[in-house]
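The task is to assemble the complex, starting from two chains supplied on their own in separate frames and drawing on the hints.
Given next are the chains, with one letter for each unit.
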Amino acid sequence: MRFRTVTSPHILAEAGVAQLMRRVLYAMAPGIMALIWFFGWGVLVNLALATSIALAAEAAMLLARGKPAVAQLNDYSAVVTAWLLAVALPPLSPWWLTATGVVSAIVVAKHLYGGLGYNPFNPAMIGYVVLLISFPREMSTWLIPHGFGQPEAVTWSETLRAIFGGVMPERFAPDALTGATPLDVLRTQLGLGLNVAEIRNSPVFGIVAGSGWEWATLGFLAGGLWLVYTRTAAWQIPVGMLGALAVVATVFHVVNPQRYAPPWFHLWSGAAIFGAFFIATDPVTASTTPRGRLFYGAGIGLLVYIIRGFGGYPDGVAFAVLLMNIAAPTIDLYTPPRVFGARRE
Amino acid sequence: MSGLFAFHGGLKTVRHKSESNQRPIQLSALSERLVVPLRQHIGAIAKPLVQAGERVLKGQLIGQPDGYISAAVHAPSSGTVLAVDQQPVPHPSGLPDWCVTLETDGEERWIEREPVAYQTLHHSAVRNLLRAAGVVGLGGAAFPSAVKLNLSGRSERLGTLILNGAECEPWITCDDRLMRERAAGIVAGLRIMVHLLDPREVLIGIEDDKPEAIAALNAACAGTGYRVRSVPTRYPSGSVKQLVKLLTGKETPVDGLPVDVGVQCFNVATAYAVHRAIDCGEPMLSRIVTVTGRVRRPQNFEALLGTPFAELIAQSGGYQDGVERLIMGGPMMGFALYDDRVPLTKAANCILAAGIENLTPEQPALPCIRCGACADVCPADLLPQQLYWHARAKEFDKAQDYHLFSCIECGCCSYVCPSRIPLVQFYRYAKNEIWAQEKEKQKAELARQRHQARLERLEREKREREAKLRQKAPPRADAPAEKSSVETAVARAKAAAPAAAEAAETPAAND
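The listed protein sequences derive, respectively, from chains Z and W.
Using our numbering, you'd call the opening residue of the first sequence number 1 and step up by one each time.
Using our numbering, you'd call the opening residue of the second sequence number 1 and step up by one each time.
By construction, these hints were calculated from the structure, which means they are not laboratory data.
All figures in this text were calculated on a predicted structure; none of them were measured in a lab.
Mixed in with the good hints, there may be bad ones.
As the list claims (entries may be wrong) - When the alpha-carbon atoms are kept at most 35 Å apart in a straight line, the in silico DSBU-like pairs for lysine-lysine are as follows:
no.: 1; chain 1: W; residue 1: Lys-431; chain 2: W; residue 2: Lys-12
no.: 2; chain 1: W; residue 1: Lys-441; chain 2: W; residue 2: Lys-398
no.: 3; chain 1: W; residue 1: Lys-441; chain 2: W; residue 2: Lys-468
no.: 4; chain 1: W; residue 1: Lys-443; chain 2: W; residue 2: Lys-394
no.: 5; chain 1: W; residue 1: Lys-394; chain 2: W; residue 2: Lys-12
no.: 6; chain 1: Z; residue 1: Lys-67; chain 2: W; residue 2: Lys-431
no.: 7; chain 1: Z; residue 1: Lys-67; chain 2: W; residue 2: Lys-462
no.: 8; chain 1: Z; residue 1: Lys-67; chain 2: W; residue 2: Lys-394
no.: 9; chain 1: W; residue 1: Lys-443; chain 2: W; residue 2: Lys-462
To be verified - Which stretches of chain Z does chain W cover? Using the computed rule of at least three CB atoms under 8 Å from a CB of chain W, they are:
no.: 10; stretch: 17 to 23
no.: 11; stretch: 116 to 126
no.: 12; stretch: 279 to 292
no.: 13; stretch: 330 to 343
Just so it is clear, CB atoms sit at the ideal spot from N, CA and C, and this is done for glycine as well.
For reference, chain W alone in the conformation it holds in the complex (with noise of 0.2 Å):
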């Protein structure tokens, strides 16, 4: 372990890696019908450029990103739009949300595709490529990676570039089979990110159970100076926070980001996607998925986004009697799923169709036994305990004071936890709950700003009313005093700006 930093906690867990990463990745079968949501993204939805009856082009832009943090969504195959409505799609809620649903032709006629030489464009224009392309981060966050890749505000040069390789979730391999095929792929995206970013060190952090993908990469990095690090196979080391923490030893702050500490990270899957986005000209069209557990031939797929994940179930022989829970990520962090008639997105790493055996059989909480478990593995140091008796109480300020907000869902403690309490699901709870408050004392800033606003007119009105009538001068006089009541208002709200501005930012900032 020479040069690396543990963190805290952790866990071994039961290892399923073997299950889906014998197989090469497949191309999987064009379906007759793509649903393409236009939000598979942090930040604001897509807005659609496109219309129900209209004919579209492989790679065509469907949504465009809507704001800085946004991402355009395009056309995964050629065919016809035949709705742009709510439909059903994998989220933790439930809930339908807006969607392109395309029928298509099986020609897959593409756009035009003009491959760039990177090295000769400005940065932003390498960026806003990238944007274009709807490039975001596929180890399951999906935020726009162009983001992430603009340091221009940054006056100190970047330390560390890390490539995220760990795939610490124990059924997941989507990652490992990338690695092992398409590594020169993905030193070709990371060629892209070390040119945006000018790192001092690239490092790529695999846990050691990924020997074959530790070496595919090895080769593909010869002579590059980028250096592939192995890392123990202790959950949650994919983490990003934690795998910044393993590699560099630096820690990234309460309420910042690794940027803060000069570090920044990537997924394998999103230096792939970078690649294919500047050097085909090909947008975010597909990923690759792991379909695994209780299928006839778990394996790894290249598929379109807006693939249904049933139509993905169907290619790997179907489900085997006994599927429990459909989940879609890892068993640690996953959400499942009530219906598999839902599309893949950018962010869906895996399809886990959980048999009853891979599954901890529901049984009721007992009382806390304050053993301490929890606070062992948790890898951001937390008291888990103390989270857990005060959202039980909805004493969220007090949840705060032992930084709630620092949880970063792993589930170890719930994990551990030798009374079955649910831990993580309190603190969602809290923090949601939290976050509800704050946009409500928000609103209601907003309304007395607003009330305030209203009271200081009605009185200026009448003032200015009142000053007319007793002046009683000819038209004439009145236009300079009419000039320079429309110049202190003007004034006025200058000075009111910044302080407003700043109210703005200040929620925000602790977002």
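Chain Z with its partners taken away, still in its complex shape (with noise of 0.2 Å):
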């Protein structure tokens, strides 16, 4: 009897790439119900506004390419990408802001550097620090956290009005539905001279951080951890960035307590957590040797820090992210493992 060859492995194990990028969708679902619950309807529409163009656009963008169109489509890299863009964007962003976001993470970041498994830049943040930078404005109007169901929620027509539309609801006084992020009143507040414990007294603060955010943060808290648990995540990266975040921001806040908010606060706050776990593990544009990853993301905690607290934004995450990006390569160089069997320096 004949037989077909093959060679061995003959098994293997069950994830693939698909599996992967699921697992990463499953753990960001308990922070984006947070987010839900505070910020309203609009998080939702981003979401499934983000995903569409970014299927649209991958799909236009293999064809283009000549690539098998399904086979990759159905790798769920694409929906990623479009989640961690969205959930960054404010809740009633205009349509087009979103759009812009996607297609520039989408075709340029992702499919112009060769596609997945290529790109040097975390395509995410790619989109979110092109919009960033082009539209400051409509980047910083962020809804103020209410809870669902509340008469100050925004309702579900008046989400679709404002981000298709681009008309805001009406029946709020301008400062009673956006303002500042956590982050930006510190920022803003510590330029006025007040010190942390003042500004800490503001509304927008909640037990940790900011209220609201806080509770978000916890869902991605946990969902991390779960990727970290599957071994979908490297462990090494969110340790070396929050480990590094904590320490510099512990030495700071030691040294002037007045002037720098404690550690806490920072791993709590803005997109550290977030960022720590969704983001920054991003294989493709990370550190892939073990020691490498620890470096990477100490990298990511010390640039978060230094962007806060002296650079020009609130928080730093995505750009920490693009630095450490380009670094990643000339890490990996320097820390290989030990091969078995090779001589201990």
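Here is the structure:
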């Protein structure tokens, strides 16, 4: 009897790229639900909008590049990019803002650099940074968090009109609907000479960090720990990033607690937790050696603190990730593991 | 896990041991025709000693080892030689190789068998007996055992002798059954190995999914001082370097062998073969082989070498429907055969008729997403993904910088790769390319040396002719001059010899 010959191994593990990507989506669910609870339907609309545009852009680019479109569309990587970006957008962003960001991410950052596996920069962060630099006003118009169903919450139809019609709900006074993000408040008021303790009394802050925000962070932390537990994300990156952020924040806080916020505030604010588990861990653009990942993560943590404390933006996760993306190949070069049987240095 | 030293990486795979390890080893029926390959081992192919039409006895030498790293081949049964020619053999290349085809007479008439008392013999005499008996490692590599049992060139006493009963491939159970049923024979063979190697300690490593085998060997080792160690079931714990690390904590150097760290390791079945060769005077004529997967009665056979796979499968009740691939060895490292009409060899520990449900369906590879899952499982602590990029780009120098040759091709990286990239295939390709280049280089170097020598010879001859012409001396005076030229040639050759030997050795050492 004759048989086909194929090289070993003849069995493979079950998890493919699509499953890894789906796990990232599942892991984002708790944080996203918290965001929807506090910021309303806009979060969900952004997600849906970004997903559809991302899939359309991905399909178009795969076809244009002569790649097997169906197989690669099914890998969910475009959806992950879309979600990472959508979560970072203000909940009532106009549709074209989302579209611009997603197209920049998928078309430019991903496919023009060779597609899945070849892009040197995190596509979602490229999309985010393009928007942050091009449309600073739109990108800083965040809703003030309210619980779901409360009278202050934006309704479903108001959301749709804001996003697709560009009409903000008129029943709110300008300051009652939107405001600065907690990190922005900290930054601005430190500039006005207030100290950290005084600023923390502002209503935008909750128990640890931004009110409302801190619950979303908790959700992302839970999802992120699950990603690490299932080995979907490398543990070294979040440990390196949050560790470095905590250390440097502690040093500055100890030196001058009036001027510098405590480490737990930094860890729990902005995109630190979300970035550590979901953005920095994008394997394509991160360092790949075990030791290299610690350095890579630590570099991001350090840069986040520098940008927050001394740079021109309230949060710096996107810039920090992109800067370390550049460094990743070099880090890999200098941090290979000791090969089995090689002499110990 | 007290006293064990975990190696990095590795996998837990789905186990399929119980399919074949529930039945005792069965003696396979004598095949009418045995096709005995002359190359069943690592090293030079054996030289055939018989011709078509010749009658042979069971156990008669039919292939003589050619050189130190080679192994003897014997007639597995009595009968008539039909042919000495190229036949299909189980090899990944699918190419035929030299074989002796035997028509058996069913009488199983043996040669004279002489059990020997090894204690009374010199070590080298025992090794020669093993060499004459064609004993090779039965774990799969089939390296001539007598070579590994010779430590006479080493000054230090061997630290540890390890018997490998890990059997980490998910489907194979031949060692499991052998240990359960013939533990006493294994220990008898081990005793001979201990006699030859004089190790400080003797360890037997067995994965903890084989409690019966562990119990059997523990019983057989009672009073010997040999220690049976249960190791966690984690592929590839049966790989030599990984097992040595597990049991002793010692890492075999990148370019070295376990013996460089004072450890020597043999498969349990090899110990059993040593016992049969010395204590029973029987050369290596058969082996235990697992026949499993989609056959009606998966089990282990003690089968004569040269028995066609198809007959072993028929004796297991034949194929069930839906056999997709026929694999020799396990699913992690075994290779797929294109035909089941190939003979059993010393290296064949398992015949797996894999159904579609036992395989991973082939699917197009996606781009590498640099997730690093391959590095997490690599038992050699390599960066498989970097090796892949360099192998793919044909940057073989860089692949070697990333220690391509430390790769043991265990398949863990391919197993976990979410993009389904056939990583091991890339490494095999790169290794083969590098070997081919090395050979090419050696050939070119040899040609250059020959050319150089020729030029020198022509030059010398020309000078000598001119000298002769100029001298125009009587023939008597010529004789000493001629002699001296011979003398200088000899002296020159002597001076050149060590250099040439060095030149010849250097590439070999790299292998």
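These are the hints, each one checked on the structure:
no., hint, verdict
1, W:Lys-431 <-> W:Lys-12, "holds, 27 Å"
2, W:Lys-441 <-> W:Lys-398, "holds, 18 Å"
3, W:Lys-441 <-> W:Lys-468, "violated, 40 Å"
4, W:Lys-443 <-> W:Lys-394, "holds, 22 Å"
5, W:Lys-394 <-> W:Lys-12, "holds, 32 Å"
6, Z:Lys-67 <-> W:Lys-431, "holds, 30 Å"
7, Z:Lys-67 <-> W:Lys-462, "violated, 68 Å"
8, Z:Lys-67 <-> W:Lys-394, "holds, 23 Å"
9, W:Lys-443 <-> W:Lys-462, "holds, 28 Å"
10, 17 to 23, "holds (count 3)"
11, 116 to 126, "holds (count 3)"
12, 279 to 292, "holds (count 6)"
13, 330 to 343, "holds (count 9)"
Taken one by one, the earlier hints fail for this structure at numbers 3, 7, listed in ascending order.
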